[in-house]
Amino acid sequence: MIAELNSGSQSASAQDYTNTALEPSLNLDNSHPSIFSISSTEQGVTEHTEPMAQVTSVSQLNDVQPRDWAFEALQSLVERYNCIAGYPNNQFRGDVSRQAALRLRAVTRYEFAAGVNTCLDKINQIILAAAPSTELLTRADLATIQRLQTEFSSELTTLRGRVDSLEARQAEIAANQFSTTTKLNGLLIAGVQGRTSNRADVNPRDGIKDTDDNGTNINVITFSYLSLTSQLTPRSYLFTGLLAADGSTRPRFSNDVGLGYEFPTDNKLTILDLNYRWLVTDKLAVLVGTKGVNMSNTFRGPVRVESAATGPLSLFAQRNPILNTGFGQGGIAVDWQFAKRASLQALYTSYTPGNPSERNGLFDGTTTTAVQLLLTPIDAVDLSLYYVNNYASDGCLLTFVGDDCLTAASNGESAPLQTNAYGGTVSWQISPRVTIGAWGGYTKSHIPGRSGNVETTNYMVFLNFPDLFAQGNLGGIYVGQPPKITSSTLPVGNNVPDFLNTGLGRAGGQPGTTTQIEAFYRFKLTDNISITPGIIHILEPGHTPDSDSITIGIIRSTFLF
Numbered sequence: 001m002i003a004e005l006n007s008g009s010q011s012a013s014a015q016d017y018t019n020t021a022l023e024p025s026l027n028l029d030n031s032h033p034s035i036f037s038i039s040s041t042e043q044g045v046t047e048h049t050e051p052m053a054q055v056t057s058v059s060q061l062n063d064v065q066p067r068d069w070a071f072e073a074l075q076s077l078v079e080r081y082n083c084i085a086g087y088p089n090n091q092f093r094g095d096v097s098r099q100a101a102l103r104l105r106a107v108t109r110y111e112f113a114a115g116v117n118t119c120l121d122k123i124n125q126i127i128l129a130a131a132p133s134t135e136l137l138t139r140a141d142l143a144t145i146q147r148l149q150t151e152f153s154s155e156l157t158t159l160r161g162r163v164d165s166l167e168a169r170q171a172e173i174a175a176n177q178f179s180t181t182t183k184l185n186g187l188l189i190a191g192v193q194g195r196t197s198n199r200a201d202v203n204p205r206d207g208i209k210d211t212d213d214n215g216t217n218i219n220v221i222t223f224s225y226l227s228l229t230s231q232l233t234p235r236s237y238l239f240t241g242l243l244a245a246d247g248s249t250r251p252r253f254s255n256d257v258g259l260g261y262e263f264p265t266d267n268k269l270t271i272l273d274l275n276y277r278w279l280v281t282d283k284l285a286v287l288v289g290t291k292g293v294n295m296s297n298t299f300r301g302p303v304r305v306e307s308a309a310t311g312p313l314s315l316f317a318q319r320n321p322i323l324n325t326g327f328g329q330g331g332i333a334v335d336w337q338f339a340k341r342a343s344l345q346a347l348y349t350s351y352t353p354g355n356p357s358e359r360n361g362l363f364d365g366t367t368t369t370a371v372q373l374l375l376t377p378i379d380a381v382d383l384s385l386y387y388v389n390n391y392a393s394d395g396c397l398l399t400f401v402g403d404d405c406l407t408a409a410s411n412g413e414s415a416p417l418q419t420n421a422y423g424g425t426v427s428w429q430i431s432p433r434v435t436i437g438a439w440g441g442y443t444k445s446h447i448p449g450r451s452g453n454v455e456t457t458n459y460m461v462f463l464n465f466p467d468l469f470a471q472g473n474l475g476g477i478y479v480g481q482p483p484k485i486t487s488s489t490l491p492v493g494n495n496v497p498d499f500l501n502t503g504l505g506r507a508g509g510q511p512g513t514t515t516q517i518e519a520f521y522r523f524k525l526t527d528n529i530s531i532t533p534g535i536i537h538i539l540e541p542g543h544t545p546d547s548d549s550i551t552i553g554i555i556r557s558t559f560l561f
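Those letters in the sequence shown? Residues 1 to 561, per our numbering, in order.
Rather than coming from a laboratory, the hints here were simulated on the basis of the structure.
Label pairs and their calculated CB-CB ranges:
(1) 283 with 212: 53 to 59 Å
(2) 531 with 413: 43 to 49 Å
(3) 502 with 188: 43 to 49 Å
(4) 521 with 413: 43 to 49 Å
Please read these numbers as outputs of a predicted model, since none were measured by experiment. Every residue, glycine too, gets a C-beta built ideally from N, C-alpha and C.
Using the sequences and the hints, build the whole thing.
Following this line, the structure appears as structure tokens:
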């Protein structure tokens with residue numbers, strides 16, 4: 001199942017378009033950046049391009065010892081020839097008095113040599129640009145330059161050697177880079193997991209544990225993802241995501257044991273994302289494409305650690321399942337930052353946009369229209385409210401969690417459903433080390449043109465502990481109920497709970513309530529490698545009170561490059 005990878009700590013609705021990189025549809029590490037920002041830099045890396053500020057007196061160099069002879073010598077050259085520039089971090093910077101400079105540390109010889117070198121280069125340019133008959137330097141200035149060169153000869157030689165080395169390295173990188181317009185990033189997840197032996201009440205559900213779980217052997221799930229970001233204009237780019245994965249939690253009795261990084265393709269390379277992203281204005285962005293146009297890719301998330309790669313382990317704990325509805329592929333989405341602390345996202349997407357047959361295509365098949373309002377009333381609180389309208393051609397919402405297929409296949413084919421879904425998520429950062437949050441969701445569906453409806457609910461409460469025991473680590477505890485059919489009054493033969501019980505499909509809700517408890521701890525070994533052990537305990541799986549509880553043990557390894 002796809003789940004987004006988010007990273008960052010900035011308030012979700014207050015993010016600036018120019019500072020965040022658009023994430024692939026697998027939120028493979030968070031902030032939430034599902035914000036549509038146009039950027040060719042990697043997420044989390046800030047490029048400093050502030051120009052140097054010109055200074056006109058060495059007395060402005062606030063980290064040079066004013067009593068040193070070299071200070072006075074360089075001062076005379078700077079004031080005569082305006083030949084040195086200062087950096088914006090107050091090392092060689094202006095607007096500082098001589099008295100203030102006395103209180104600051106003395107500049108190192110290499111730092112001072114850099115200033116001397118800059119001044120000499122500027123004087124040399126002045127001389128070369130002047131007319132042949134013009135006398136620019138006095139004998140005193142020539143003597144000062146010679147003395148500075150002699151005094152700092154070794155430092156100047158080392159400095160120029162370093163510059164030559166950097167220029168050579170830059171040329172090497174330019175000659176061997178992947179592309180001047182396309183950036184390549186990658187992700188590899190390898191998870192080892194297994195669940196306890198259990199028996200379930202199935203076929204039919206009659207209060208008797210009649211079937212052993214055949215999916216309890218320890219296995220490996222791998223997930224490999226490559227993303228290509230091709231800059232087309234300064235404000236737009238084409239995003240392509242390639243996936244190859246293997247392994248799963250199947251065979252299983254229900255969706256309750258599904259994991260966030262589970263997306264088996266039998267190791268065949270699959271295009272998961274193919275879309276064009278355009279920053280129309282500084283506050284409005286548009287995404288259009290044939291792959292990866294879905295809510296997990298285009299709706300910013302208030303849960304700042306949401307990530308199939310570095311966050312919670314289960315699919316259910318990634319986000320409210322309502323935000324997975326429809327598993328959209330092709331369509332269009334917009335993101336509008338209409339206020340500093342408020343944004344609005346909306347989309348229209350189709351599950352099978354490339355299939356022209358009946359119950360498929362861009363408008364006739366499984367389609368989803370959704371909108372989300374995201375607010376950050378204060379820096380520590382993120383709140384999102386969302387509404388989803390979905391038409392499911394086979395009655396399945398494609399959330400892949402809990403009850404996602406809401407009509408029974410009583411005649412060999414499930415009836416279609418029209419669904420209205422409502423939900424909200426809140427996250428409160430109590431302190432830099434503790435975040436508490438919750439979400440809840442409600443859906444109401446009906447078969448078009450027929451009487452009755454089916455209703456579901458879901459909820460989750462969670463605690464996250466950033467930097468637990470060490471910088472970059474993360475602990476989490478999640479407790480919730482996956483989507484559950486609480487009421488189903490569709491025509492006889494279509495109601496899922498009774499169909500599972502008796503095969504008749506009469507009206508009624510699920511007989512039990514599944515509760516999932518998840519705990520995990522992510523060790524950050526390096527900036528690019530993390531290991532996450534965790535445990536998931538599921539009570540009454542499949543909303544079936546007479547089935548055994550299930551415990552899942554997991555170790556997930558994540559490699560970013």
